[in-house]
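Asker: Here are the chains, one letter per residue:
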Amino acid sequence: MGNADLANLSDKLMLTTVVLYIVALYAYAADLGFGRRRAAVQERSKVLAGAGGPDVEEAAEDHEPSADAPRRVDWARLAVLVSVLGWAAHLGVIVTRGLAADRWPWGNMYEFLTAIAFAAVTAFVIVMWRFGARFLGAFVMLAAVIALGVANIWLYDSVGPVTAALNSYWIALHVTAAIVATGAFTVSGVATILYLVKIRTEARAAAGGGALAHLPSAQALDTLAMRVTTFAFPIWTAAIIMGAVWADEAWGRYWGWDPKEIWSFITWVIYAAYLHARATAGWKGRKAAILCLIAFAALLFNFFGVNYIFQGMHSYA
Amino acid sequence: MSDITDFETDADTGSEAVAERRPPPEAPRPSGLGPLGWLRWAWRQLTTMRTALILLFLVALGSVPGSILPQRGQAPEKVALYFKEHEDLAPVLDRLSLFDVFAAPWFAAIYLLLFVSLAGCVIPRAGVHYRSMRARPPAAPRNLSRLPQSATFETDASPDEVLATARAVLKGRRFRVDVADGSAASEKGYLGETGNLLFHLALLGLLFALGVGNLLGYRGNIVLTEGRSFANSLNQYDEFTPGRLFGADDLDPFAITLDDFKATYELKGDKRGQATHFSADVRYRATPGAAEKRHDLRINHPLKLGGAKIYLLGHGYAPVFTVRDAKGDIAYRDAVPFLPMENRNLTSEGVIKAPDARPDQLAFYGILWPTAVASEDGKQIVSGFPAPVRPVVTISSFKGDIGLDSGTPQSVYKLEGIGKTLQPVKGGSKLLEPGETLTLPDGAGSITFEGLKEWTSLSVNDDPGRIPALIAAILAVAGVATSFMVRRRRVWVRAGAGEAGRTVVEVGGLTLGNPTTEFDDIVTALRDEHPATQNKE
Ligand code: HEM
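These protein sequences, in sequence, are chains A and B.
The number in the working numbering is simply the position in the first sequence, starting from 1, with 117 added.
The number in the working numbering is simply the position in the second sequence, starting from 1, with 830 added.
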């Protein structure tokens, strides 16, 4: 297959991915809306038990509909299936793009955002499998669809070589780490938003019907957000350090207070403060959650704001 | 920094033995204390974790204007522009050092306070941790069943046998075990706190390395045209920024000659014209007496000479001109670096000054199109590609006094005094291809466009803090990762005589953070060794 064909295939797979994610989004939402209550209860206990150990890995879909119930669509199963298919197509987008360009497939903003969305979906699939966090599906799918939409509508760039400055193996290390961390932070951000929504309804005591009833307890959401952040933080740190090493090779200084460096640092500090606050229990619950969201906002700003508003060494866009 | 001391108190009282950690109690405000008391109080405040966190936040907050406003260190021309556009606001911002945020006194103050606060917090803590690692694990609380994890069973084995097994099982799991008074106390996971301390100490090291680099290092830029050499001394630099403690004899005495510069561009597709590779073929001597060596200098591959690193930063064209004066004598012949006006296709501009021309000094302003093509409306020349496929220069001529003798230094990229001391030459404009000559009217002289050379801008940089900073950063990551992964945990086993000659075994566990399944494994191991005749949970 020629490079042009591969590039074409990558674009087609992108369309497939978006369609599958939208279907999965509806299915997850339907699962939240009409799924059996038992499922939610079961998952909730799983997230709580998710301290590690084999008991958390059993599949979530082990409850057959009882024989006398009218035949219903098994939204959960459909959602998981379609989103995993979408994930595979998404992987295909990235691989074919890399093959077509004959380089590491994150050299411009389009590819970069596509990869972040992929990392977020991957992180979701992992927490779904490990901690039974299927309730996140609708929200992560929504985030992924928005990200891919933005990437395709505003950031699209055809296949081509990277600028000379990016022609380095560091792109595979530094940018990959940034992508993985950003994907995971996205999942923690989603869980944190749900946590904030949930404590409001829990405070009102009225066991809010509808979708909210199917979310796990606020505490479980909080624990999940914390756990994912704890995973992402060292990777984010490593991404910054590798960026500094690369900057030393490429620009002749490892830290020069370039806008991207400043905002990576700010993001790092806020996440560090969040983890500290959680560990020393001075700040729990709502306040800590808001800190986590501020950190996520700084992360987003670092991506969009810094690349498009400021002129720094990172503005390849 | 986790509060290991709080963990200690929780466990020791044994009552509310949940691994909940509270912030340290507010230090009482001194009332009527002498200056020493106040000083001690201030020190205690400064070295709390909360202060360190707030200071870290302040560093982050303080760096925000540095990302929004142009900075002198990076873009002095943009600062000048800002002054022009915001005449009232700019001086106010300047007084707050907002155009030099990272060299500002207030920034240094936050930075230093953070350093002191971290040091005052972490170093004593390292001592405490060291002692607690060597101390005996805390004795078992009275009531093991009130711990977050607990189990009880009975067995026929004697208490001593049970405790011996407990010791073996716990030792096997690398707990530190202490058996006394009918119970075994054990603890492990010190690595978590060690990692935590390592992280904070490494952060201190990082701050220190950054500071050292800033004080002792230097950075300079030079523009080097093909065929030219550069010896590392202050007067050769176009731009030079020394650290505060830098001395001129810190310059490594190397010399570099640029033989050839090559840029490779994408030829096809819609990325046509994008540079894909730069390479500068240089010769260098590390010291004046050393043998000359060759090096292929590329982006992302600096050349290391002594403590300095030499980087390829940018590139451009340096057309070669010959200027003859009215008498026909050669007044100037050299390559003149032109600066790119746009980065896509490298349309460049520059000036040629011939102060030796007689009777009048001659000067020229030129625009170079590396690949001259007609613009879309056909009315103008533009550059269609960054490589020199069809180079063309347009020249405008001036004569009079260039003003080089006035004593004030002039930019080599600009003409001064146009319309005053320097007058445009009528009919002195022309398009030149390589080899062509513009002859000025009235026999005032001529200028010949001989050909093109390329220049590169090199950055020379010496930062003695770079390796220490890298090591500190790696230790910091290793530290946080460990502190996140390893949790401090304690397990107690008590064996006492029960009814009918049986032994009652109580096991209790306490984990900092979320309980793990390890506790259950330990209980299972104990039970398997001493099968219970009758279980009771
Ligand atoms: C201290 C130095 C550096 C830091 C702190 C740093 C930080 C970051 C961060 C946080 C990202 C994540 C994306 C985002 O949120 O926008 C990123 C992306 C990226 N970095 Fe760096 N980086 C550094 C040096 C470098 C160097 C030297 C290069 C290449 C010459 C580089 C190339 C890239 C590229 C290509 C991306 C992905 C696309 C983009 O966002 O522009 N970085 N960097």
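If you're looking for bench data, these hints aren't it; they were derived computationally from the structure.
Please note: incorrect hints may appear among the correct ones.
[Said to hold, decoys possible] DSS-like mimics (lysine-lysine), calculated; alpha carbons at most 30 angstroms apart, straight line:
1) B:Lys1101 / A:Lys401
2) B:Lys1101 / B:Lys1134
3) B:Lys1092 / A:Lys129
[Claimed, not checked] A few chain B positions that, by computed beta-carbon distances, are all more than 12 angstroms from chain A:
4) Ala872
5) Ala956
6) Asp1100
7) Ala1138
Note that the Cβ used here is the ideal one computed from N, Cα and C, for glycine as well.
Asker: Does each hint hold? Answer for all of them.
Answerer: For each hint, the structure was consulted:
1. B:Lys1101 / A:Lys401: violated, 51 angstroms
2. B:Lys1101 / B:Lys1134: violated, 33 angstroms
3. B:Lys1092 / A:Lys129: The given pair, whose Cα atoms are some 38 angstroms apart, is violated under the 30 angstroms limit.
4. Ala872: holds, 21 angstroms
5. Ala956: holds, 18 angstroms
6. Asp1100: Violated: least Cβ distance 6 angstroms, not greater than 12 angstroms.
7. Ala1138: violated, 10 angstroms
The structure does not agree with the numbered hints 1, 2, 3, 6 and 7 stated previously, though it agrees with the rest.
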